[in-house]
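**Q** What follows is the residue order along each chain.
2 protein chains.
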Amino acid sequence: MTQAGSPTSASSQFAAGAAEAHSAQAALIALDWGTTSLRAYLFDADGQVLDTRASTAGIMNLPRPADQGGFDAAFEETCGAWLNDTPGLPVIAAGMVGSAQGWIEAPYVDAPANADALVAGIVRVDTASGVTLHIVPGVLQRGDLPNVMRGEETQIFGALGEDVTAADSGKRALIGLPGTHAKWAAVQAGRIERFHTFMTGEVFAALREHTILGRTMITPDRPDGEAFLRGVKIARDRGQAGVLATIFSSRTLGLTGQLTREQQPDYLSGLLIGHELAGLEAVLAQQQNSLAGQSLRLIGNEALCERYRVALAQFGCTQAELVKHATERGLWRVASQAGLVNPAAQAARAG
Amino acid sequence: MTQAGSPTSASSQFAAGAAEAHSAQAALIALDWGTTSLRAYLFDADGQVLDTRASTAGIMNLPRPADQGGFDAAFEETCGAWLNDTPGLPVIAAGMVGSAQGWIEAPYVDAPANADALVAGIVRVDTASGVTLHIVPGVLQRGDLPNVMRGEETQIFGALGEDVTAADSGKRALIGLPGTHAKWAAVQAGRIERFHTFMTGEVFAALREHTILGRTMITPDRPDGEAFLRGVKIARDRGQAGVLATIFSSRTLGLTGQLTREQQPDYLSGLLIGHELAGLEAVLAQQQNSLAGQSLRLIGNEALCERYRVALAQFGCTQAELVKHATERGLWRVASQAGLVNPAAQAARAG
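Protein chains in written order, with the working numbering: chain A, 1 to 351; chain B, 1 to 351.
Careful, some of the hints might be misleading.
Since the list gives no way to pick out one identical chain from another, each pair is judged satisfied if it fits inside one copy or across any two copies.
Said to hold, decoys possible - Heads up, simulated SDA-like pairs for lysine to any residue below, C-alpha to C-alpha not over 20 Å straight-line: (1) LYS233 - PRO146; (2) LYS171 - GLY80; (3) LYS324 - ASN301; (4) LYS171 - ILE218; (5) LYS324 - VAL310; (6) LYS171 - GLN314; (7) LYS233 - ARG142; (8) LYS324 - GLY130; (9) LYS171 - LEU229; (10) LYS233 - GLN286; (11) LYS171 - GLU302.
No lab work stands behind these hints: they were computed from the structure.
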């Protein structure tokens, strides 16, 4: 077992007691299984999280190769103890585990897609120990600029929460998922209508680590909010030539003594996020919409979402709500809708 | 002497004869000394190139460290034989050799800049063997998006040729220099008025080698013009969300079977160059100008300039002339204007 594959319990200090306390109540195991990490949640029948486990055994980082039982090993290491305590627990999983490089491919469902479409697209795979994993499919938006998501669809349904059954279910919502490949999804009546992918996080890393821009950068002790904001404003007000042009200013502002080496990383981050939002604004404008006054939700790393909130305010959007626990809420919701945890629904489905 | 620093003669098969033939006529040594290469030209008094030498001894690739005489060694290896044949030849150099990391720093001159400003900014450095190098400065455009060039200013003056003394010297010209850091300069009355830098070439390499986009790419046997054109058109017609968004389609068109692995490199290249030209078009629009109908000149690698010609045609610009030998013509011109090779001018300058 490699260190990379070692699971760690988020509640290890309570592990023994918690295991006893929840052993009678556990009702679902839910997995957020991505490229570089695997997070597992143990739910009770009311949808409360009883325990969590986190591992670095993402699908590209399994404890042993996939064709040598790597997926089984990662699953056993992470969830074996829960299943020993409560045999027969249903298991649901979302994320890259359902990609062509995953345990089994769960083909994309087409956008617009609601939770029912996700449920209908679930693909099952049996583990070596005879447990059935229910893998949630990703969503594909066709066209000459196709888009795909895998894992985010589940987070989005988690962020929607009970909205879809509320009176205002017809309301449009804009949901942002900042990250390596940032997603922006337009949701209406419980359906993912359309979405965009911005490679902002990965481009930032590539620029910083593999271009001339990184050579003059020094990582500051703490994020420089002013440099970040400056980058956002340049992208918003002076970004006409596009990001391929503006990024060079990270270097030239340094050459001309207007930006220190420590300020350059946050300035570049602000530039890229600013260009992402300017691009999103341009797309919204085509639909007679805009970021200004928009009430939207953000899902993801809190510090990164806070950067987006600051940047969004520069585009007139001051109502950006950070949604926490969207991943586990989404997994619970899809599992419920699939009848994995709701006895009534299960009976209906069997009949 | 490392292999990297070994000079090679472009005319080695004629070397002995040529050396004798031109020894009486040689009038100037001109160096195009960049980060990864050093090119040397031997001129006669009429501005004809008698001989050339090329070496990989760019300033970041010297035969030995700079503080151990690396610049002297590279210069001797490349030009020593010429100076032995014709002692006392004047020497001019342009490019990164004049940067802060170069042999000696030739501080930038401010844009707008004409050839006189470049001449006034020449900085001299003496080699170990007592030869004086005249280093041409780069050009700086100040502002909240500063821009710098070093080497390109000399190429631009080479591309202008005799235009500046012609009757239409007041005419505006747009000059493009595709490459790692593509430059677009607006020139009027023999002056570089303003310019932009697009990091297109370096971003392409970083995306291809260090992001998920490269993982599905296979280098084709020959460039795929159709895939390239498709990328250009997507950037032009569907590029509103910006390059951070459109580049993801290189992957998703692959995932959906619409773009083969071999087509993806040229498609991504077309996307980036298309976004560069769309950005340039947006900047021109602010000046009540456009690419359509523009008569412009391109300087640089022929195959790359041909890609730009194809892409420019998609923006209505069908008059893009490839200027050859701009580098050596520019070096000759600045040297002439500096009085290094023109006896009359030298006399005037001394008086």
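**Q** It remains to establish, for every hint, whether it holds in the given structure.
**A** How the hints compare with the structure:
In this assembly of identical chains, the alpha carbons of LYS233 and PRO146 lie at most 20 Å apart only when taken from different copies (15 Å versus 30 Å within one copy). Taking identical chains as interchangeable, the C-alpha atoms of LYS171 and GLY80 are never at most 20 Å apart, the minima being 42 Å within one chain and 77 Å between chains. Taking the closest pair of Cα atoms, LYS324 and ASN301 come within 20 Å of each other only inside a single copy of the chain (9 Å); across copies the shortest separation is 52 Å, beyond that limit. Taking the shortest alpha-carbon separations for LYS171 and ILE218, neither the intra-copy value of 45 Å nor the inter-copy value of 44 Å comes in at or below 20 Å.
For the identical chains of this complex, LYS324 and VAL310 are intra-copy neighbours only, at 18 Å inside a copy versus 49 Å across copies, given an alpha-carbon limit of 20 Å. In this homomeric assembly, LYS171 and GLN314 never come within 20 Å of each other (Cα to Cα): the closest approach is 24 Å inside a single copy and 40 Å across copies. Proximity of LYS233 to ARG142 under the C-alpha cut-off of 20 Å is restricted to the inter-copy arrangement: shortest distance 18 Å between copies versus 33 Å within a copy. Taking identical chains as interchangeable, the C-alpha atoms of LYS324 and GLY130 are never at most 20 Å apart, the minima being 33 Å within one chain and 70 Å between chains.
Taking the shortest Cα distances, LYS171 and LEU229 never come within 20 Å of each other, neither inside one copy (31 Å) nor across copies (40 Å). Taking the closest pair of Cα atoms, LYS233 and GLN286 come within 20 Å of each other only across two copies (19 Å); inside a single copy the shortest separation is 22 Å, beyond that limit. For the identical chains of this complex, LYS171 and GLU302 are neighbours neither inside a copy (26 Å) nor across copies (54 Å), given an alpha-carbon limit of 20 Å.
Hint check: violations occur at hints 2, 4, 6, 8, 9, 11; the rest are consistent with the structure.
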